[in-house]
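As you go down the protein sequences, you meet chains A and B in turn.
First residue of the first sequence? That's 1 in the numbering used here, and the numbers climb one at a time after it.
First residue of the second sequence? That's 1001 in the numbering used here, and the numbers climb one at a time after it.
Keep in mind that the hints were calculated from the coordinates and are not lab data.
For glycine and all other residues, C-beta sits at the position ideal for the given N, C-alpha and C.
Keep in mind that the hints are not guaranteed to be accurate.
As the list claims (entries may be wrong) - Within a straight-line C-alpha distance of at most 30 Å, the following computed DSS-like cross-link-like pairs (lysine-lysine) qualify: (1) A:Lys-269 to A:Lys-66; (2) A:Lys-269 to B:Lys-1229; (3) B:Lys-1131 to B:Lys-1229; (4) A:Lys-240 to B:Lys-1095.
Unchecked claim - Where chain B lies over chain A, by a calculated footprint (3+ residues, C-beta under 8 Å): (5) 7-13; (6) 57-70; (7) 73-85; (8) 88-97; (9) 125-133; (10) 194-208; (11) 218-231.
Unchecked claim - Negatives, chain A to chain B, calculated, CB over 10 Å: (12) Lys-4; (13) Ala-51; (14) Pro-120; (15) Val-271.
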Amino acid sequence: MNAKTKLQNNILFIVLLLTAILFLFPILIVLVNSFKGRFFISDTPFALPDAQTFVALKNYVSGVAKTGFFPAFGYSLFITVFSVAAIVLFTSMMAWCITRVKSKVSSLIYYLLVFSMIVPFQMVMFTMSKMANILRLDNPVGIIVIYLGFGAGLSVFIFSGFIKTVPREIEEAATIDGCNPIQTFFLIVIPILQPVFITVAILNTMWIWNDYLLPYLVIGSNYRTIPIAVQYLQGGYGSKDMGAMMAMLVLAIIPIVIFYLTCQKYIIKGVAAGAVKG
Amino acid sequence: MQTMPKKYYVFFTLPTFIAFLISFFIPFLFGIYLSFTKFTTVTNSQWIGISNYIRAFSENRDFINAAIFTAKFALVSAVLINLFAFILALLLTQKIRATNIFRTIFFMPNLIGGIVLGYIWQLIINGILIKFGVDITYSANYGFWGLVVLMNWQMVGYMMIIYIAGLQSISPELFEAAKIDGANAWQILKGITIPLVMPAVTICTFLTVTNSFKLFDQNLALTAGAPAKKSAMLALDIFNTFYGRIGYEGVGQAKAVVFFLFVGLIVLLQLYISRRRELEA
Chain A
1 MNAKTKLQNN ILFIVLLLTA ILFLFPILIV LVNSFKGRFF ISDTPFALPD
51 AQTFVALKNY VSGVAKTGFF PAFGYSLFIT VFSVAAIVLF TSMMAWCITR
101 VKSKVSSLIY YLLVFSMIVP FQMVMFTMSK MANILRLDNP VGIIVIYLGF
151 GAGLSVFIFS GFIKTVPREI EEAATIDGCN PIQTFFLIVI PILQPVFITV
201 AILNTMWIWN DYLLPYLVIG SNYRTIPIAV QYLQGGYGSK DMGAMMAMLV
251 LAIIPIVIFY LTCQKYIIKG VAAGAVKG
Chain B
1001 MQTMPKKYYV FFTLPTFIAF LISFFIPFLF GIYLSFTKFT TVTNSQWIGI
1051 SNYIRAFSEN RDFINAAIFT AKFALVSAVL INLFAFILAL LLTQKIRATN
1101 IFRTIFFMPN LIGGIVLGYI WQLIINGILI KFGVDITYSA NYGFWGLVVL
1151 MNWQMVGYMM IIYIAGLQSI SPELFEAAKI DGANAWQILK GITIPLVMPA
1201 VTICTFLTVT NSFKLFDQNL ALTAGAPAKK SAMLALDIFN TFYGRIGYEG
1251 VGQAKAVVFF LFVGLIVLLQ LYISRRRELE A
């Protein structure tokens, strides 16, 4: 029995190992090809670079120059960090307020926000981008307002779900001790909400960092984020510089992998928690 | 705190509420209105009734083709993703070495953005197809299966995490009792494991179907609808109708409303199913 289980587990281990290699394979292929000359990629993507095809960092140099990778990285970072900060701060405030104050207005706001989660982006993309344009929100600072509006649904939903489970006695004690609602929220409620802050921040970071269509429509003509920069390389059909494309894909993946490996525990937990609630 | 002075209520809710009005609510209402008008910018709209909706379906078959393609894709990818994710979750909850490392690897593609995913798989799929002298733009079938593979690669790890959580919530005594009663592995799977992870199955099915339905970035990057819009899904078809040529903005908006109703219907169905299951349980 024991020997049989051991054998079985070894077979399963090998199956998993092969699956894992299969999962990493696409990324490895892109990495390998990013060091090959641009004309040796499309036809023989599975060949390793040799003396004739190896070009060292040439693709990276041309990719970075063609797409403006460093500004794109800067815009992506700026927009993601400040949008996520705005979302966690303002939506937690709203969620606490409408969960604690039971009124018709509170439930109306809540249901409107939940409703916004199911509406596909294409439904509002045209009118929203025109609106952003009219209100002069079509820049990396203004887009934060747009992200706050779009992120509100899921974020308020997750915060509310958690706040409902927190007993209100602590907050009531703070009120009796003379805290006004603002002091109560920032001194008492925020520390309690900390684990949900992480969940909401991670879900929104993954969304905003990778988002393509919204920034393309709102700020795409003047500012390129990383996904827009990658898509920009596509250009007209046939004229694509495959070398630069490979290099850009690698550069786009690196920040994500670093982020993932540093906060892996929180990401997996956050994503699971977000999914169960969504 | 059942009530709050009005000024505090405004302080807490106003920032998010204004952003929500600007970026979602007003554009949403205005979008419904515009679907009944002819317009090129938001200020020159003329009421034309339902003719945009008629044009969306009758002028060419793009929208219907996209709807069929999307529905097929959502069905196939939801089934395959859930199957693979469940198998991986089962394996990773056994006593095997290094399950944490495997979990990390399987989940990773989920963090990569759709545009980047699309170009990664374009390279790989074209690299295989070139041996047969074609590429992914040759047939919509290649685009379809390309998207299925891509979507599996992206979402299997995510669904696996939800299934693992579901499996871990089953009490180990149940398995022990079944073993003592002489149940074999298949009977345990069928009689205990699968019925008890059904809530996770509902969540995962819903997530995979809605994500597949709304797919845009991956579709744009992998095939951009080639050949001849035949591999364009609903979201891409709507985008192309809007921004493809002037004079079709109203048709695009009408298609978007129909798309919204489709997605809304799926969500209602999901809510209905999970409510019913909760009542039964």
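To see whether the hints hold, each was checked on the structure:
At roughly 38 Å between alpha-carbon atoms, Lys-269 (chain A) and Lys-66 (chain A) are farther apart than 30 Å, so this suggested pair is violated. With a CA separation close to 39 Å, the supplied pair Lys-269 (chain A) and Lys-1229 (chain B) exceeds the 30 Å bound. The straight-line distance between the Cα atoms of Lys-1131 (chain B) and Lys-1229 (chain B) is roughly 25 Å, inside the 30 Å bound, and the hint therefore holds. At most 30 Å may separate the alpha-carbon atoms for a hinted pair to count; Lys-240 (chain A) and Lys-1095 (chain B) exceed this at roughly 48 Å.
By the rule of at least three residues with a Cβ nearer than 8 Å to a Cβ of chain B, the coverage given for the segment 7-13 of chain A holds, with 3 such residues. Coverage of a stretch by a chain is defined here by at least three residues with a beta carbon nearer than 8 Å to that chain's beta carbons; for the segment 57-70 of chain A and chain B the count is 0, and the condition is violated. Only when three residues or more bring their CB closer than 8 Å to a CB of chain B does the claim for the segment 73-85 of chain A stand; here the count is 0, and the claim is violated. Check result for the segment 88-97 of chain A against chain B: holds, 6 residues qualifying (beta carbon to beta carbon below 8 Å, three or more required).
A count of 7 residues in the segment 125-133 of chain A with a Cβ less than 8 Å from any Cβ of chain B is obtained; the coverage claim is therefore met, three being the minimum. Look at the segment 194-208 of chain A against chain B: 1 of its residues bring a Cβ nearer than 8 Å to a Cβ of that chain, fewer than three, so the hint is violated. Using a Cβ-Cβ cut-off of 8 Å, 4 residues of the segment 218-231 of chain A lie near chain B, which meets the minimum of three, so the contact claim holds. For Lys-4 (chain A), the requirement that its beta carbon stay farther than 10 Å from each beta carbon of chain B is met, with the minimum near 12 Å.
Listed as a non-interface residue, Ala-51 (chain A) keeps its Cβ farther than 10 Å from every Cβ of chain B; the least gap is roughly 21 Å. Look at Pro-120 (chain A): its CB is around 5 Å from the nearest CB on chain B, not clear of 10 Å, so calling it non-interface is violated. Not every CB of chain B is more than 10 Å from the CB of Val-271 (chain A) (nearest about 6 Å), against its label as outside the interface.
Of the hints listed earlier, those the structure fails to meet are numbers 1, 2, 4, 6, 7, 10, 14 and 15, in rising order.
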